[in-house]
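Visitor: Throw the hints in and build the complete structure from the sequences for me.
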Amino acid sequence: MSKKILIVDDEPDVISFVSAVLEENGYTSIGAKDGVEGLEVLRKEKPDLVLLDLMMPRKSGITMFQELRKDPNMSNIPVVVVTGVSEVTGVDFRNFMYKQPLRDEKKFVETTGLTKYTVPDGYIEKPIEPGELIKVIKEALKE
Amino acid sequence: MGVKRLTRMTKLLLIDDERPILEVLDLSLTSEGYEVITAESGHEGLKIFEEENLKLVLTDIKMPGIDGIDVLKKIKAIDSEAEVIVVTGHGDMDTAIAALQHGASDFITKPIRDEALMLALERAERKLSMTKQLKDYTENLQQMVERCTLELKQAQEELIRNERLAIIGDTVAGLAHYIKNILTGLRGGMYMVNTGMARDKSYMLQEGWAMVQRNVEKVSGLVLDLLRYSRERTPERSVCRPNEIVSEVVELLKDRAEEHHIELKKVLDADLKEAYLDRDGIHRVLLNLISNAIDACIYDTDTSKAWKVTVKTMLATDVGSGETILFEVTDNGCGMTDEMKEKLFTRFFSTKAGRGTGLGLLNTQKIIYEHGGEISVKSKVGEGATFSVRLKREMP
Ligand SMILES: Nc1ncnc2c1ncn2[C@@H]1O[C@H](COP(=O)(O)OP(=O)(O)O)[C@@H](O)[C@H]1O
Ligand SMILES: [Mg+2]
Chain A
711 MSKKILIVDD
721 EPDVISFVSA
731 VLEENGYTSI
741 GAKDGVEGLE
751 VLRKEKPDLV
761 LLDLMMPRKS
771 GITMFQELRK
781 DPNMSNIPVV
791 VVTGVSEVTG
801 VDFRNFMYKQ
811 PLRDEKKFVE
821 TTGLTKYTVP
831 DGYIEKPIEP
841 GELIKVIKEA
851 LKE
Chain B
527 MGVKRLTRMT
537 KLLLIDDERP
547 ILEVLDLSLT
557 SEGYEVITAE
567 SGHEGLKIFE
577 EENLKLVLTD
587 IKMPGIDGID
597 VLKKIKAIDS
607 EAEVIVVTGH
617 GDMDTAIAAL
627 QHGASDFITK
637 PIRDEALMLA
647 LERAERKLSM
657 TKQLKDYTEN
667 LQQMVERCTL
677 ELKQAQEELI
687 RNERLAIIGD
697 TVAGLAHYIK
707 NILTGLRGGM
717 YMVNTGMARD
727 KSYMLQEGWA
737 MVQRNVEKVS
747 GLVLDLLRYS
757 RERTPERSVC
767 RPNEIVSEVV
777 ELLKDRAEEH
787 HIELKKVLDA
797 DLKEAYLDRD
807 GIHRVLLNLI
817 SNAIDACIYD
827 TDTSKAWKVT
837 VKTMLATDVG
847 SGETILFEVT
857 DNGCGMTDEM
867 KEKLFTRFFS
877 TKAGRGTGLG
887 LLNTQKIIYE
897 HGGEISVKSK
907 VGEGATFSVR
917 LKREMP
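Those sequence lines, one after another, are chains A and B. Here this note's numbering = 1-based position in the first sequence + 710. Here this note's numbering = 1-based position in the second sequence + 526.
Hints are not guaranteed to be accurate.
[Said to hold, decoys possible] Below, computed lysine to aspartate or glutamate pairings styled on EDC-like, alpha-carbon distance capped at 20 angstroms:
#1 780/B <-> 721/A
#2 878/B <-> 835/A
#3 706/B <-> 835/A
#4 780/B <-> 720/A
#5 706/B <-> 721/A
#6 791/B <-> 774/B
#7 780/A <-> 620/B
#8 831/B <-> 750/A
#9 727/B <-> 733/A
#10 791/B <-> 777/B
#11 744/B <-> 721/A
#12 537/B <-> 570/B
#13 878/B <-> 721/A
#14 537/B <-> 561/B
#15 878/B <-> 868/B
#16 706/B <-> 842/A
#17 878/B <-> 785/B
#18 838/B <-> 804/B
Since the hints were derived computationally from the structure, they do not count as laboratory data.
Guide: Below you can see the structure in the form of C-alpha cells.
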C-alpha cells in the first residue's frame with residue numbers, strides 16, 4: 711500500500727504539480743483547496759501526512775494546523791508546512807516557528823512555553839523543488 | 527548571555543497592565559543595562575513614547591483599553607523605524623502573526639523567559655543600528671541623486687509628466703511576486719510534461735500542458751494590462767450590445783464561481799439594446815469587476831454566508847443629459863475599509879498576496895475615463911461591495 715498524502719493549497723496548479731511529483735515517487739495524493747475543505751478531507755480520508763500551505767483565503771493554514779493538533783484523532787498525523795510566506799509578509803516563518811537560534815526542539819518547548827504540538831514536522835519553502843520536497847516528506851514519515 | 531551589547535544605554539519603554547510583571551521586567555532589564563521606562567496602560571505608553579525620544583518598545587498584547595496591537599500600530603505610524611516587541615499569550619500564534627504583520631520586530635510568549643527576552647531585544651537592537659546605518663547611507667545617496675537630478679532635470683521632467691509611467695516604475699517590485707507565481711506554475715507544468723512524456727502517461731502530459739498554457743495566458747494578460755495602462759488611447763467604438771458583453775463575461779467566470787459555491791447572477795435591462803462603445807474595453811472592465819467580486823467572496827472569512835455576485839445593467843434616460851448606461855457589480859464578500867477604498871484607483875494595490883497585480887482597477891478606471899464615463903464604489907467591511915459604472919450611450 712502506498713502512503714496517502716493530503717495536499718492543502720488554494721492554487722490548483724500547485725496541487726497538480728505536487729501530486730505529479732508524489733506519484734512519481736510512489737505516493738498517492740488527495741487535494742483540498744482551503745483549510746475548511748482540508749479538515750473535512752482529513753477526517754474522512756485519514757492520510758499518512760499533510761502538506762499544508764500557510765497562506766490561504768478563509769481558514770488560514772495556521773488555524774487549520776492548530777485545529778488538527780487539538781483533535782486527538784488526528785494530532786499524530788505528520789504535517790509539513792509549505793509556504794512562500796516570508797516573501798509575502800516579510801515574516802520569516804521558519805524563524806517564527808522555531809525561534810532561531812533556539813532551533814533545538816526541546817529547548818524551543820522549554821523556552822517558549824509552547825507545546826511540542828505547535829511545531830510542524832517539516833517545512834519547505836515555495837517555489838517547491840521536487841527533490842527537496844521528497845526529502846522533507848521522507849523525513850517527516852521517518853522513512 | 528555572553529553576547530556583546532551593541533549600544534551602551536538603550537532606552538526601553540515597557541508597557542504592561544500588570545504591575546508585578548512590570549516590576550520584575552524593570553529590574554531584570556535594568557540589570558542588563560537598559561534604561562527602562564514603564565507604563566501601565568497603552569494610553570500612558572503612547573504618551574511617553576511621543577514625549578521621549580524612544581526607539582525600543584516592549585508591550586503586552588492583552589490590555590484593557592488600548593491593546594498591544596493598537597499600541598504597535600500607533601507607534602509604527604508615529605515612527606516606522608521604532609522596534610516593537612510584543613508579548614503574546616501562551617500559544618497564541620494568530621495574534622503573534624498579526625503583530626508581525628503590523629510591523630512588530632519580534633514576539634515572545636508568556637510565561638516570559640529571560641533568555642528569549644534578551645534574544646528578542648538584542649535582535650531588535652541590531653536591527654535598529656542597521657536601520658540607522660541604512661538611513662545614513664540613504665542620505666548620502668540622496669545627495670548624490672539630488673545632484674544628478676539637477677543635471678537630468680530636463681530629461682526627467684518629461685518622464686514625470688507621464689504620471690502613469692512613474693507609477694509603473696515605482697511598483698514593478700510589487701509585480702515581481704505575481705510573476706514569480708506564474709513562473710512556479712510554468713515550472714510545474716514543464717515538470718509534468720517531461721515526466722508525462724518520459725513515463726508515457728498521457729493524462730499527466732495533458733494536465734501539464736494545460737498548466738503551461740494557463741500560465742502563458744497569465745503572462746500575456748499581464749503584459750497586455752501593462753501596455754494598456756501605459757498607453758494613451760481613444761476608445762475604438764463600435765455599435766454593440768452591452769447585455770451581450772455581460773453574458774459573455776459571466777459565461778467565462780461561471781465555473782470559477784461555482785467551484786467556490788458563489789451564485790453568479792445577471793439582471794439585464796431588456797430596454798438596453800445597442801450602444802456605441804469600445805467592445806473590448808468594456809469586456810475588460812466587466813471581467814475585472816466581476817473577477818474581483820468573486821475573489822472578494824473567496825477571501826471572505828465568514829463561511830456562514832451564501833455568497834452572491836450580481837451583475838446588473840440599466841438604461842436610464844435623464845431629461846437633460848440623454849441616455850445613460852449603468853453597469854453595477856455587487857457582491858456580499860469581504861468588503862473594504864475606507865483606507866483601502868482610497869488606494870483602489872490611485873496605485874498598484876492588491877491584497878491578494880502574489881495572486882493579484884493591482885492593475886485591474888487602474889485599467890478599469892482608465893478605460894471608463896477614456897469613454898468619458900464614471901466609476902464609483904460603495905463598500906463596508908464584512909458586508910460586500912458595489913462597483914457602479916456610468917457611461918453615455920452616445921450612438922453615432
Ligand atoms: N469587490 C471587491 N471587494 C473587496 N475588495 C475589492 C473588490 N474589488 C477590488 N478589491 C480590492 O482592490 C484590490 C485591487 O483590485 P485590482 O486592481 O483588480 O487588483 P487585483 O485584483 O489584481 O488585486 C484588490 O486586491 C482588493 O483588495
Ligand atoms: Mg482584479
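Visitor: If a hint holds in the structure, say so; if it does not, say that too.
Guide: Going through the hints against the structure:
Distance check on the hinted pair: residue 780/B and residue 721/A sit about 18 angstroms apart at the alpha-carbon level, within 20 angstroms; holds. The suggested pairing of residue 878/B with residue 835/A holds, with an alpha-carbon distance near 19 angstroms, which does not exceed 20 angstroms. The straight-line distance between the Cα atoms of residue 706/B and residue 835/A is roughly 13 angstroms, inside the 20 angstroms bound, and the hint therefore holds. A C-alpha spacing of about 18 angstroms is found between residue 780/B and residue 720/A, which places the hinted pair at or below 20 angstroms, so the restraint holds.
A C-alpha spacing of about 14 angstroms is found between residue 706/B and residue 721/A, which places the hinted pair at or below 20 angstroms, so the restraint holds. A distance of roughly 13 angstroms separates the Cα atoms of residue 791/B and residue 774/B; the hinted pair therefore holds under the 20 angstroms criterion. Our distance criterion of 20 angstroms between C-alpha atoms is met by residue 780/A and residue 620/B, whose separation comes to about 15 angstroms. As the CA atoms of residue 831/B and residue 750/A are separated by approximately 19 angstroms, the hinted pair is consistent with the 20 angstroms bound.
Taking the CA atoms of residue 727/B and residue 733/A, the gap is near 11 angstroms; set against the 20 angstroms cutoff, the hint holds. Simply put, residue 791/B and residue 777/B have alpha-carbon atoms about 11 angstroms apart, close enough for the 20 angstroms limit, and the pair holds. Under the criterion of a C-alpha separation no larger than 20 angstroms, the hint pairing residue 744/B with residue 721/A is consistent with the structure, at around 14 angstroms. With a C-alpha separation of about 16 angstroms, the suggested pair residue 537/B and residue 570/B falls inside the 20 angstroms cut-off, and the hint holds.
Using a Cα cut-off of 20 angstroms, the hinted pair residue 878/B and residue 721/A holds, with the two alpha carbons roughly 12 angstroms apart. Distance restraint check for residue 537/B and residue 561/B: the Cα-Cα separation of roughly 5 angstroms lies within the 20 angstroms cut-off, and the hinted pair is therefore satisfied. A C-alpha spacing of about 17 angstroms is found between residue 878/B and residue 868/B, which places the hinted pair at or below 20 angstroms, so the restraint holds. Proximity of residue 706/B to residue 842/A is assessed by CA-CA distance (about 19 angstroms); at most 20 angstroms being required, the pair is judged to hold.
Distance hint between residue 878/B and residue 785/B is fulfilled; the C-alpha atoms sit about 19 angstroms from each other, no more than 20 angstroms. A threshold of 20 angstroms between alpha carbons decides the hint, and for residue 838/B with residue 804/B the separation of about 19 angstroms falls inside it, so the pair holds.
The earlier numbered hints are all upheld by this structure, with none contradicted.
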